[in-house]
Structure formats: C-alpha cells, structure tokens
Amino acid sequence: MPSLSIHAGGLQLNNPILLAAGILGTTGASLCRAARAGAGGVVTKSVGSLPREGHPGPTIVHVDGGLLNAMGLPNPSYKDFQDEIDTARAGKVPVIASIFGSSAEEFAKIARGLKADAFELNLSCPHAENYGSELGRYPDLVESVTGAVKAAADVPVWVKLTPNTADIIELGLAAQRGGADAIVAINTLKAMAIDIETGYPILGNCFGGLSGPAIKPVAVRCVYELASRLEIPVIGVGGVSTWEDVVEMIMAGASAVQVGTALLRGYGVFEEITVGLSRYLERKSLTLEELCGLAGRRRS
Amino acid sequence: MRPINCIIEEVRSEAPLIRTFRLDRNLDPAPGQYVMVWIRGVDEIPMSFSGPDTITVQSVGEASAALFGLGAGSSVGLRGPLGSGFILRGKRILLIGGGVGTAPLAFLGEQAKAAGIEVASLLGFRCKEDLIFQERFEALGDTIITTDDGSLGIHGRAAAGLDELNLFDYDQIYLCGPEMMMWDIISRTQEHAKKTQACINRYFKCAAGICGSCCLDPEGVRVCVEGPVLMADRLLESEFGRYRRGPTGGKGPCRG
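Chains as they are written, first to last, in the numbering used here: chain A, 1 to 300; chain B, 1 to 256.
Incorrect hints may have been included.
[Said to hold, decoys possible] Keeping only pairs whose Cα atoms sit at most 27 Å apart, straight-line, the calculated BS3-like set for lysine-lysine is: (1) B:Lys251 to A:Lys79; (2) A:Lys79 to A:Lys92; (3) A:Lys79 to A:Lys150; (4) A:Lys150 to A:Lys109; (5) A:Lys109 to B:Lys251; (6) A:Lys92 to B:Lys251; (7) A:Lys115 to B:Lys91; (8) A:Lys150 to A:Lys115.
[Claimed, not checked] The following residues of chain B were derived to be distant from chain A, with all beta-carbon distances above 12 Å: (9) Ser13; (10) Ala15; (11) Gly41; (12) Asp53; (13) Gly77; (14) Arg89; (15) Ala115; (16) Ile145; (17) Gly153; (18) Gly156; (19) Asp184; (20) Gln190; (21) Glu226; (22) Arg245; (23) Gly249; (24) Arg255.
[Stated by the list, open to error] Covered stretches of chain A (in silico footprint by chain B; criterion: 3 or more residues with CB under 8 Å from a CB of chain B, positions within the stretch not fixed): (25) 139–151; (26) 204–210; (27) 278–285.
Just so you know, these hints were derived from the structure itself, not from any lab.
All of these numbers come straight from a predicted model, not from anything done at the bench.
Each residue gets a CB set at the ideal place from its N, CA and C atoms; glycine is no exception.
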C-alpha cells in the first residue's frame, strides 16, 4: 500500500485525513475515539477565554445536501480544557486546539494558556457575535491575530478562513504575512432556514453555517485559489464525505483534508476514506505529493 | 429532516410538575427513544415517549416551563424519534423507574405485556403526590412503590425495594430515572449489569451524533445516537454516576 504519511503545516501526520473543528471535539474521549478510528489528526471544539453555553436550540437543521448549524461556540473556557487535550493525546495523533477570541490579545492569552500540538485560529465561525468571521473577514485583523498567536505559541499556527467574503485570497495572504504555518479553508457558509408552518427561523440563533456536500464545490474553488497564490500549505475542509472528495480536494491543492459533517455516518468514515485513498493512489501509481495541486498544473 | 409540525391534542396533569402531552400523530417510537421538541422562539429539548403518541414532561427549566404554557391546539416542531430504544428480551422482565423516568417504562411494559411477557415493576418517587402512572403499572403486574418520605409504599429510595425482589427471576431489567437513583441501583446489582438496560440522560445539543456534547467518558459514547439506552455494564466503568457535562462542555456533579 502507498504511504499516506505526510508533513503538513508543521505536523507529521500518519495520514492526511483530520477530524474538523466543532465535530465530536468537546471531550478528550471522543477526540481519542476519532484518532483510534483512523484520523491522522484531530482538531478540538473551539475554546475561548470564558465559559459559554452556546445558542438556544434548535442548533442544527438538516437541509438538502447538508446541515445548518448554530452551536454558538459553547465551551468551558481554555482554563478548563487542558485535561481534554491531554486525554485526546492518548489517541497518539496530533491534537490541534481550535481557539477563538475577539482580539489579538485574547487569542494570544489563550494560546499561552494551552498546550497542544498546534493551534487552529477560528477566524471564521459565521454565527457568534464579536467572534469568528466578524474578525476574520478583515485582512488586517487576520494578520494581527495570526502574528500575536505566532509570537505567543511555540507550535504551528493554522488559520481557518471564512468563505463569507468577496476575496478569500486576500485573507489567506494576510494570514501568511502574519506568519501562519498553514491555512485551513473553509468554514461554513452563512445561511438560514425558515419553518414554513409558522414563519419562525428554525435555528435558535436565526443564522447558522451551512456544511456538508452542498458546500464542497465552494471549498474546492477556495482551496484551488489559495493554493495557487500562497507559499504556505492549505488544509482543505468543506463537504468532504468520501475518498473521491478527498482526491478532488488534494488535486485542488490541499496538503491535508478535514472531515466534519460526514461524521453523521459515524466514526467509520476515517477508515473508509483512508482505504479508498490508498487504493486510488496504488491504482494510479501516484504519491500524495504528486496528487497535490494537480488541477493547477493541468491548467498551466 | 426539518422539524415536523405537530399539534398538541390534549394536555393531562399527572403530578404537580408533570404533564403528559398527546400529539396529533403516532411517530412510531420504540420505548426509550426520544424526540427533540422545538418550542418555537424558546429552545429545543429532548423528551422521552410515554406512549406511541405521548410525551411526559417534568417542568425543570425555561423550555419545559414554556411547553407547560402550551395547551391543546398549540403546535410544536418535532425531530424524531431518535436514538436507540429498549430492546425486549426474555419471558419475565423487571422495570425499575424513578420519578418521571417511569414514563418510558410504562410504555415499554405495555408493549411487553402485549407480547406475552411477564412484567413486574419497582417504582420510586419523592412523595405520594409525585406518583404517576400507578394504574398503568398495576395493570401490567406486581408493582412495588417506594417514596423518599414514606408517604406511600416502602420508605426510602427505589433501591430500598430491591430486598423484595429476587433479580435472578428476571431475564432482563429495564431502568430509567434520576442519575443517582439509577447509579444506586446499578452499583448494588452489578452481577446483573449484563442484563440491565438503562435509559440515561446527557446534555444533547445536535441530537445527531456530531457535536460531541453528550459523549460519555472514557469511551466517548455518543449518547444521543448510541443511547440513550445503554447496557449497565458499560455504565459501570464510565463517568455515569460520578460527573456529567453541562451546556459549556465542562464537568459538573450528577443530579438526583
């Protein structure tokens, strides 16, 4: 079988398939279970500086081709989260702490207070006031937050971008200027659903983020654009559910791929995808390095 | 699935803080399964079925209080039935319930009796006034009642009724109630854990097995999809009865 091990964004990974932030990442035990099920790395639920209960329900709605969610960044605060990271490490894969804040200083404080194998900066959650994409849509803030965390942390820093912008390349370049070790693209697309019996917006927060197969073509385009322009690696995320989706994402330029909504099918998706990817590489006599960015090279 | 619009056909008061809501449709749930009830403009909360078309609710917070404000003719949005229900096994079964946790057991017992299974029940309540579904359980078979204050039946918690029973007589035991009451039973009857199905409660947000808020240590069991009914032997080695996570994901004490 061809090797799936890679070096991406400053981390050595057994395989390029990671658990995405916000999915089964509240407890160390569930992160560990993802690792044991075959994830090459796991990203925690985003943690902030203060405990948050999140938005009232409904927090998710199933829609055609995906899922809408507005969890609202529930977390016990970074001060109460180190135990979960330490438990997750028993899974023997890198544990990436997703963190959020409303300023560069807040991000840096959290990064100083947590020990993880890498940080992923949530500059992209589309449904929490004062956080996520409310900062992440401004290139200068993306750069200053990234720079502040880089200065505070001695581990790789990944920056997760929002697609809810006119030009994601600008955001990627800003993160690169700030010293990011990798870009993670994309977070969910801001969206909503309405109950036609009553007219109520279904999500407790009214707005949420769309994930799942419906957003994969958007994610592939963003990864392609970012990978074409940036020097740093891009980690692809958005609607990936099968090994074919992973191949497409890697061809677009992703060095590694995160899986989220597909976990609706259970933890088995990791093995399903890595086995499928291995067989594909074997059949094509390709390595992951050769596959990465193939679509861009076809065009040049 | 988007929430299904459902009309409340009837509201029945069972005890001072417990009401049964009869819905305009049978969602064909298995006893032990739950449904996410959306009280529009307020919140969405998990509720257990007390019959094929009924949920029985104890008022404990803002959302259940808002549900209590709804009368016959009002509507709610429903997602479900969800999760794993109880599985009927054997010829003789024992139901052990506490408080509003007796609701899914009454539903289960009625299905069991209809299938020709012999049913006995041990039910614990805080006091006589909190007693619910007495007639339903007595119609199923032998029923032992305990109350914490001694106002009816055996004085003590549900576990106090265990002395009246020989658990080896039963092929399967079904348990639902407040966590510390269930923990009390499970920890005293460990040799029967492999034949005890317990319907447990954790903080559900997505109810789809992906957000992770209900995961049980140390295995990371996603209670909202792999539960809420779990075998007691899995619970013995878990966080159950020791701590539970709240809405922030932080650990806190178990209640009840």
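| query | Minimum Cβ separation between Gly41 of chain B and chain A greater than 12 Å? | reply | violated (6 Å)
| task | Take the stretch 139–151 of chain A, compare each residue's beta carbon with every beta carbon of chain B, and decide whether three or more fall closer than 8 Å. | result | Since three or more residues must qualify, the claim that chain B covers the stretch 139–151 of chain A is violated, with 0 doing so at under 8 Å.
| query | Given the proposed pairing of Lys115 of chain A with Lys91 of chain B, does the C-alpha separation stay at or below 27 Å? | reply | violated (54 Å)
| query | Are Lys79 of chain A and Lys92 of chain A close enough, with their CA atoms no more than 27 Å apart? | reply | Holds, at about 23 Å.
| Is the Cβ of Gly153 of chain B farther than 12 Å from every Cβ of chain A? | About 38 Å separates Gly153 of chain B from the closest Cβ of chain A, which puts it past 12 Å; holds.
| Does the no-contact call for Ala15 of chain B survive, Cβ to all of chain A over 12 Å? | holds (26 Å)
| message | Using a Cβ cutoff of 8 Å, are there at least 3 residues of the stretch 278–285 of chain A near chain B, or does the coverage claim fail? | response | Coverage by chain B is violated here, the residue count being 0 at a Cβ distance below 8 Å.
| said: Three residues or more, CB to CB closer than 8 Å: is that satisfied between the stretch 204–210 of chain A and chain B? | reply: Check failed, 1 qualifying residues.
| query | Holds or violated: is the Cβ of Ile145 of chain B farther than 12 Å from all Cβ atoms of chain A? | reply | holds (35 Å)
| Lys150 of chain A and Lys109 of chain A: Cα distance at most 27 Å? | Answer holds: Lys150 of chain A to Lys109 of chain A is near 12 Å, not above 27 Å.
| said: For Glu226 of chain B, is the shortest CB-to-CB distance to chain A above 12 Å, so the non-interface label stands? | reply: violated (9 Å)
| request: Could you let me know if the closest chain A CB is still more than 12 Å away from the CB of Arg89 of chain B? | output: holds (25 Å)
When held up to the earlier numbered hints, the structure conflicts with 7, 11, 13, 21, 22, 23, 25, 26 and 27 and fits the remainder.
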